[in-house]
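Please model the entire structure based on the sequences and the hints provided.
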Amino acid sequence: MKLFTFKNSITICVVLAAVIYLLPTFFNCWPHKKINMGLDLQGGMHLVLEVQNIKAVEAEVERTIQEIKKQLRKDGVKHLGIARLNDNSILAKFQNNENKSGFETMLSKNFENLITQRPEVDGNIISYKLSLPETETDNIKKMATDQALETIRNRIDEFGVSEPDIRIQGGNRILLQLPGIKDPERAKDLIGKTAQLTFQIVDDDADVDSAVNGTPPVGDEILYQNKYNSTTGTSIKIPFLIKKRVLLDGSLLTDARVEFDQFQQPQIGIEFNRKGARIFDRVTGENIHKRLAIVLDKSVYSAPVIQDRIAGGKARITGSFTLNEAKDLAIALRAGSLPAPVKIIEERTVGPTLGSDSVRMGLISMLAGGLFVILFMVIYYKGAGLIADLALVINIILIGGGLAAFQATLTLPGIAGIILTIGMAVDANVIIYERIREEIRSGRTALAAVVVGFERATLTILDANVTTFIAALVLYQFGTGPIKGFAVTLCLGIIASLFTALILSKTIFIFILKNKQMSKLSI
Amino acid sequence: MQLIKSNINIDFIGKHNICFVLSIVLILVSIGSLVIHKGPNYGIDFVGGTLIQVKFSDQVPIGKIRSGLTNIGFNNASVQNFGHDQDHEFLIRTSNLEMTTKGLSQSISEAIKASTGLTPEIRRVEMVGPQVGKDLRKKALLAIFYSLLFITIYISGRFEMKWVLSGITAGSLMTAVYFLSVFNVSMIVLITGALVVTLVLFWSLHLKYAMGAIVALLHDVLITVGIFSILNLDFSLPIIAALLTIIGYSLNDTIIVFDRIRENIKGEKTSDTLPALFNKSINETLSRTILTSVTTLIVLFSLYFLGGEIIHNFAFAMIIGVLIGTYSSIFVASPIVLAASKR
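For the record, the sequence lines run as chains U and F.
Note that the numbering used here has the first sequence beginning at 4, numbered continuously upward.
Note that the numbering used here has the second sequence beginning at 3, numbered continuously upward.
Calculated from the structure, these hints are not laboratory results.
None of the values given here were measured: they were computed from a predicted structure.
Beta carbons: idealized from backbone N, C-alpha and C, even for Gly.
Heads up, a few of these hints could be off.
Take a look, some chain F residues computed to stay more than 12 Å from chain U by CB distance [stated by the list, open to error]:
1. 13
2. 41
3. 43
4. 65
5. 166
6. 201
7. 236
8. 269
9. 278
10. 324
11. 341
12. 342
Taking lysine-lysine pairs in the BS3-like style, the calculated list, with each CA pair at most 30 Å apart, reads [to be verified]:
13. F:115 <-> U:330
14. F:141 <-> U:346
15. F:17 <-> U:185
16. F:282 <-> U:385
17. U:58 <-> U:36
18. U:185 <-> F:115
19. U:523 <-> F:7
20. U:240 <-> F:115
21. U:330 <-> U:185
22. F:136 <-> F:40
23. F:140 <-> U:145
24. U:346 <-> F:115
25. U:145 <-> F:115
26. U:145 <-> F:141
27. U:301 <-> U:73
28. U:58 <-> F:140
29. U:96 <-> U:58
30. U:185 <-> F:66
31. U:247 <-> U:72
32. U:103 <-> U:247
33. F:268 <-> F:17
34. U:523 <-> U:385
35. F:141 <-> U:58
36. U:230 <-> U:185
37. U:346 <-> F:268
38. F:136 <-> U:58
39. U:230 <-> U:58
40. F:115 <-> U:230
Written out as structure tokens, the structure reads:
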């Protein structure tokens, strides 16, 4: 029998291809596709963030209210209050018919996208309920998630993580895989920062203390400054009464860098673009001798008194930052603010030492389990056992090659899957050998027994493996990171064991029997 | 070498009454334990919470770690030894999800340092929000349900040529479950209901092989989950992976036996010889059944003893599953097919 028939050549090619794909994992050579290690093996952080994109809708509704008020002022229409309700609709109240018709014409002219319900009349007060169309809120939500993804990607890029994987995971969730991250807490802090920078005027006309105990004046809000005392190690909160109107925000920034003041204390120097610089120039000019609060994520960082008009569009954010805090804040400001706050809803962090321990233990148990199975097969089936063992080794090479070729990720459960495959892969050989033994007992010659044995066992083996394959596919569909890795190695293992048992072993058997002219089989 | 003699003839079918009693007792004990413990002992994957694995360079009394955690208000945190004693590793579990100012793991690290005098190495942090936990629980149940149904379609198709019938049955069950799940029906109630309906349908539609297989699989899954519940072991994501693999493995065994039954049954007209025929089939495949279990158990034990603490429970679940799965394909699946054939 010739060695290089068409079928044999293909078999050899498959095995060779697997070996070639496996090589780069151990040596640095072509085709340069190493087996990807999962976060649980190389260490790293897996995060799932939830973008609270309803906040983006709230912000849009608030913006719309401001625009309506502005337009009404312009048209000279008086209202009795326009406010946002909890379900993100707008309630606008008017008195007498003149204002009613003024409002309605204004609506149809400038805000025809809003859905208006039939007005309710209570005495001489007419109230309207307006809302954004659902397509628009959905769009805002989607945009918020997309923008959050972009912003977080920029921040991570600047933070310096090699090969991060950041993607949207259904609706408003963002999945982050950050391999080999050194300081997970710092990264989490940076990712979670909303980084909404605003410049607002401090209201010095009203009394802060009475506002804290009672209610702040209309158009004002109370924000706090966190003062950290490094000698006592405690921090105190100082209340500020701030005018709600935002004069300038971080969206017009072009740069943010860490700088040092004369005491070598880090601070952040920011620079606005031309439009921002113009606004900054005007705002500072209009508010000389008032205090300008620099507000970041609803807390006051500093509120210096404006001494003079500031041209050039440069400003500084001071506060008691550590160097890393200042660096991260600068990154966040440069990368832009999140359109809505994010919340970490799932975190899995594995330290690098645990990862390498897992790899070591996984390999040890794979070797131990493999050796026992190999010994068992040789003792039980003698010569045929050796062929099964060869098939087993090639099986593992095929799984490894497959992982590298498909760029699948190897995880700790994935290693368990390979180990399990070692135990189950010999099953196909066992089925065939038991069948061959039966055929020999019923009086067939060695070659005939092998041929009939393989023929009869093939269908059984296929049936038995298809069901495990179905379970593995469902698992792949359902699983997250590590579990997916298990499903992948299980699937690869099944395919590899079908190949090694039904094609490779058979070829070897028939080759040996035909060439050696053996009449007895070592089985 | 031969472990099982080729002329072996054990009367498996004749003993099916004893086995049915044994299986029913095991199932009842499992359900009982699940009821008493109010479901499996879900890990943080399924109920939410935080798990932190810490390692110390030296011996640390567990009480000191606890007192450190109590100092920062983590009264409900559980601390347990993890792995070997000489590793000085501990697992801290709490239902707290986040802290306001500092990261959770950082504050825990500082609190433990204050109470023990040693800086712990934080080796692993897992935090799962309650919503994620709920989603995962739902997905896990659905995964088990779907894989059972897909497998039954395959079995009915391959063994009885009833592809269309079983496909329609399973398809409509899946659709029903899908639509009902939208209406916030409790997932456990829903899946249990769907499985009961499946069994009744398969029985009345004479899908006897699929019926035998699905009963055996439910038997395996239920008992494995029950043993986990009795031993109070953590029920986490990898355990779901183990359960699905057990389904695949146990079925593997079952199909090999079914396959032989199908081969032997060809040409048989009367049902009088069926018990003997079933017995013959089980005996003929017995050698293979035992051998494969042995090789699989070899690797599983090596994984259990050498694979490290994280994979420990997974390996344990698989070991139980392989044992129960081997038992069920001999003593549960075939007798049920036989009972359905006699009808």
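For each hint, the structure was consulted:
For residue 13 of chain F, the requirement that its beta carbon stay farther than 12 Å from each beta carbon of chain U is met, with the minimum near 21 Å. Once the 12 Å rule is applied to beta carbons, residue 41 of chain F is consistent with being away from chain U; the minimum gap is 19 Å. With a closest Cβ-Cβ approach of about 19 Å to chain U, residue 43 of chain F is found to remain outside the 12 Å limit, as its non-interface label requires. A cut-off of 12 Å between C-beta atoms confirms that residue 65 of chain F is not in contact with chain U; the least separation is 25 Å.
Listed as outside the interface, residue 166 of chain F is consistent with that label: its C-beta sits roughly 18 Å from the nearest C-beta of chain U, beyond the 12 Å cut-off. Every CB of chain U lies more than 12 Å from the CB of residue 201 of chain F, the least distance being 19 Å, so the non-interface label holds. Its beta-carbon lying about 15 Å from the closest one in chain U, residue 236 of chain F satisfies the requirement of being farther than 12 Å from that chain. At the 12 Å boundary, the C-beta of residue 269 of chain F stays outside the reach of chain U, the nearest C-beta of that chain being 17 Å off.
Listed as a non-interface residue, residue 278 of chain F keeps its Cβ farther than 12 Å from every Cβ of chain U; the least gap is roughly 19 Å. At roughly 9 Å, the least C-beta separation between residue 324 of chain F and chain U is not larger than 12 Å, which violates its mark as non-interface. Distance check on residue 341 of chain F: its Cβ is at least 22 Å (rounded) from any Cβ of chain U, clearing the 12 Å threshold; non-interface status holds. For residue 342 of chain F, the shortest C-beta to C-beta distance to chain U comes to about 19 Å, beyond the 12 Å cut-off, and the non-interface label holds.
Between the alpha carbons of residue 115 of chain F and residue 330 of chain U the distance comes to roughly 28 Å, so the proposed pair stays at or under 30 Å and holds. Of the supplied pair hints, the one linking residue 141 of chain F and residue 346 of chain U holds, its CA atoms being roughly 22 Å apart against a limit of 30 Å. A C-alpha spacing of about 61 Å is found between residue 17 of chain F and residue 185 of chain U, which places the hinted pair above 30 Å, so the restraint is violated. Pair hint residue 282 of chain F plus residue 385 of chain U holds up; C-alpha atoms about 27 Å apart against a cutoff of 30 Å.
Taken as a hint, the residue 58 of chain U and residue 36 of chain U pair is broken in the structure, with Cα atoms around 43 Å apart against an allowance of 30 Å. For the hint linking residue 185 of chain U to residue 115 of chain F, the alpha-carbon distance of about 20 Å falls within 30 Å, and the restraint holds. Distance check on the hinted pair: residue 523 of chain U and residue 7 of chain F sit about 20 Å apart at the alpha-carbon level, within 30 Å; holds. Of the pairs offered as hints, the one joining residue 240 of chain U and residue 115 of chain F holds, with about 28 Å between alpha carbons and a cut-off of 30 Å not exceeded.
For the proposed pair residue 330 of chain U and residue 185 of chain U, the alpha carbon gap of about 16 Å is at most 30 Å, so the pair holds. Under the criterion of a C-alpha separation no larger than 30 Å, the hint pairing residue 136 of chain F with residue 40 of chain F is consistent with the structure, at around 16 Å. Of the pairs offered as hints, the one joining residue 140 of chain F and residue 145 of chain U holds, with about 25 Å between alpha carbons and a cut-off of 30 Å not exceeded. A hinted pair counts as satisfied when its Cα atoms are at most 30 Å apart, and residue 346 of chain U with residue 115 of chain F qualifies at roughly 28 Å.
Proposed proximity of residue 145 of chain U and residue 115 of chain F is contradicted: the alpha carbons are some 44 Å apart, above 30 Å. For the given pair, residue 145 of chain U sits about 24 Å from residue 141 of chain F by alpha-carbon distance, which is consistent with the 30 Å threshold. Our distance criterion of 30 Å between C-alpha atoms is met by residue 301 of chain U and residue 73 of chain U, whose separation comes to about 25 Å. Pair hint residue 58 of chain U plus residue 140 of chain F holds up; C-alpha atoms about 28 Å apart against a cutoff of 30 Å.
With a C-alpha separation of about 24 Å, the suggested pair residue 96 of chain U and residue 58 of chain U falls inside the 30 Å cut-off, and the hint holds. Note on residue 185 of chain U and residue 66 of chain F: the hinted pairing holds, with a Cα-Cα distance of about 28 Å set against a maximum of 30 Å. Distance check on the hinted pair: residue 247 of chain U and residue 72 of chain U sit about 15 Å apart at the alpha-carbon level, within 30 Å; holds. About 28 Å separates the Cα atoms of residue 103 of chain U and residue 247 of chain U, which keeps this hinted pair within 30 Å; it holds.
Restraint check: the Cα-Cα separation between residue 268 of chain F and residue 17 of chain F comes to about 25 Å, which is no more than 30 Å; the hinted pair holds. For the given pair, residue 523 of chain U sits about 13 Å from residue 385 of chain U by alpha-carbon distance, which is consistent with the 30 Å threshold. At most 30 Å may separate the alpha-carbon atoms for a hinted pair to count; residue 141 of chain F and residue 58 of chain U meet this at roughly 28 Å. Restraint check for residue 230 of chain U and residue 185 of chain U: the C-alpha separation of about 29 Å stays at or below 30 Å, so the hint holds.
The straight-line distance between the Cα atoms of residue 346 of chain U and residue 268 of chain F is roughly 63 Å, outside the 30 Å bound, and the hint therefore fails. Pair hint residue 136 of chain F plus residue 58 of chain U holds up; C-alpha atoms about 24 Å apart against a cutoff of 30 Å. The hinted pair formed by residue 230 of chain U and residue 58 of chain U meets the criterion: a straight-line CA distance of about 28 Å does not exceed 30 Å. With a CA separation close to 26 Å, the supplied pair residue 115 of chain F and residue 230 of chain U stays within the 30 Å bound.
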